Structures are given as structure tokens and as C-alpha cells.
Amino acid sequence: MLTAFFKKMKRFFTPRSYLSKGGLMSITKQHRQEYLSKAYIRAVAAKAGYTCAPPDPDYGLDLVIRDVDEEDDGNGKTVLQDYGYALDVSAKSTYIARIIDDCIHYDLEIKAYDNLIKEQRGTPAILVLYHMPIEETDWLSVGNDITILKHCGYWQSLRGKPPSTNSSTQVIEIPRSQVFCESSLKGIMNKVRSGEYL
Numbered sequence: 001m002l003t004a005f006f007k008k009m010k011r012f013f014t015p016r017s018y019l020s021k022g023g024l025m026s027i028t029k030q031h032r033q034e035y036l037s038k039a040y041i042r043a044v045a046a047k048a049g050y051t052c053a054p055p056d057p058d059y060g061l062d063l064v065i066r067d068v069d070e071e072d073d074g075n076g077k078t079v080l081q082d083y084g085y086a087l088d089v090s091a092k093s094t095y096i097a098r099i100i101d102d103c104i105h106y107d108l109e110i111k112a113y114d115n116l117i118k119e120q121r122g123t124p125a126i127l128v129l130y131h132m133p134i135e136e137t138d139w140l141s142v143g144n145d146i147t148i149l150k151h152c153g154y155w156q157s158l159r160g161k162p163p164s165t166n167s168s169t170q171v172i173e174i175p176r177s178q179v180f181c182e183s184s185l186k187g188i189m190n191k192v193r194s195g196e197y198l
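Residue numbers for the sequence shown follow the numbering used here, so the first one is 1 and each next one is one higher.
Don't read these hints as lab results, they were simulated from the structure.
Quantities reported herein were computed from a predicted structural model and do not represent experimental measurements.
Be careful, since some hints might not be right.
To be verified - Pairwise CB distance ranges, derived in the manner of DEER restraints: (1) Thr78 <-> Ile99: 44 to 52 Å; (2) Thr165 <-> Ser194: 33 to 41 Å; (3) Ser164 <-> Ser141: 33 to 41 Å; (4) Asn144 <-> Ser167: 46 to 54 Å.
Even glycine gets a Cβ: it sits at the ideal position worked out from N, Cα and C.
Using the sequences provided together with the hints, build the complete structure.
Structure, rendered in C-alpha cells:
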């Protein structure tokens, strides 16, 4: 009788809706893209020597990159100080972006577009679009000697762009020369420190 009871109860503890084709629950493809794009941005920021973390709470922007400076604490020790120089980042990813005239063309959601074009911002903001391979098996490769996130991210400041009359998405263009990498991020943060327009 107990055997029959446990057989009956088993289906409540292993519902089919919780299982993927491989037998285990998996996050959506969109979430996998999102996590990899943020991992890419955080890796670049770490290599460039900046902090990078999600805002808490999140009101439309995904990451905040902050600059820190070395300072003598008066006792002969060097400490790191945060003086408030920051960059907001909207992180997006795609494997179907169109390349036209050496520019990445991407359909950005109107809500994100409207947020990024604002002139009056306390903190500068950029879009980073991580362009991924089409095949998911090519997204990440990990080995003893090398870890590879294929393709790269591109950055663009949309500040001051005209409002869109579209209802759902707005096509934006990012020159392929604007690769989001260590050197480009340092250049962006130097402009942030000096108050230059991005």
C-alpha cells in the first residue's frame, strides 16, 4: 500500500513542467544571453580597473561602472577611494544584428531608447550591445588554458538623439569601430571624470 502511495506522490515532486529536454530545469535562452552580456561587460570593467555592479534597485539600467583613485591615508598607506565618477550601462545582447556599412543595426526597445536619449542626466549612460554568435554552442568555451566569449560588445551613447515616433522599437546604429574593450572604457571614463559630453 505504501509503495502505491509513493508512486502516486512521485508525480507531484517531479512535474514535467520543471524539466527541460535534458531532464533538468533551465533558464530561458533570453536570460542566458542577458547573463553573458553582463558577464562580458563586467570582465572588461575588471580588466580596466573599475568596479561594476547592478544598481539596487534597478530602474531601467543594468550596471554601474565606477572609478576609484589611490590616496594616501596620512599614515603612509595607500587606500582606494570612490569619488563618485560613474557610468550607467544598459546591457543588451543579440545574435541577429544587421551589419550595414560597417555599422551594427539593432532594434532597441522604445522604453530603453527613451531612457538613454535624455539630455538631463546626473550620471552619463551608454548602451553596450553584445553581439553573439548565432549558434548557442559557440557562445562560451571554457578550457584549462583559455576561456572564450566569442564576438564582442559595441558601445554607443544615445544622449541627445531625437525622440522616436515608433511604438515598440527604434533602430539604432553603432559603428563597429566602437568596440567595448579595456582601452575604449578607459577613454569613456576619462571623459566622465572631465565632464565631457559622451
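Each hint, compared with the structure:
1. Thr78 <-> Ile99: 44 to 52 Å: This hint holds: roughly 46 Å between Cβ atoms.
2. Thr165 <-> Ser194: 33 to 41 Å: holds (35 Å)
3. Ser164 <-> Ser141: 33 to 41 Å: The hinted range 33 to 41 Å holds for Ser164 and Ser141, with Cβ atoms some 38 Å apart.
4. Asn144 <-> Ser167: 46 to 54 Å: holds (50 Å)
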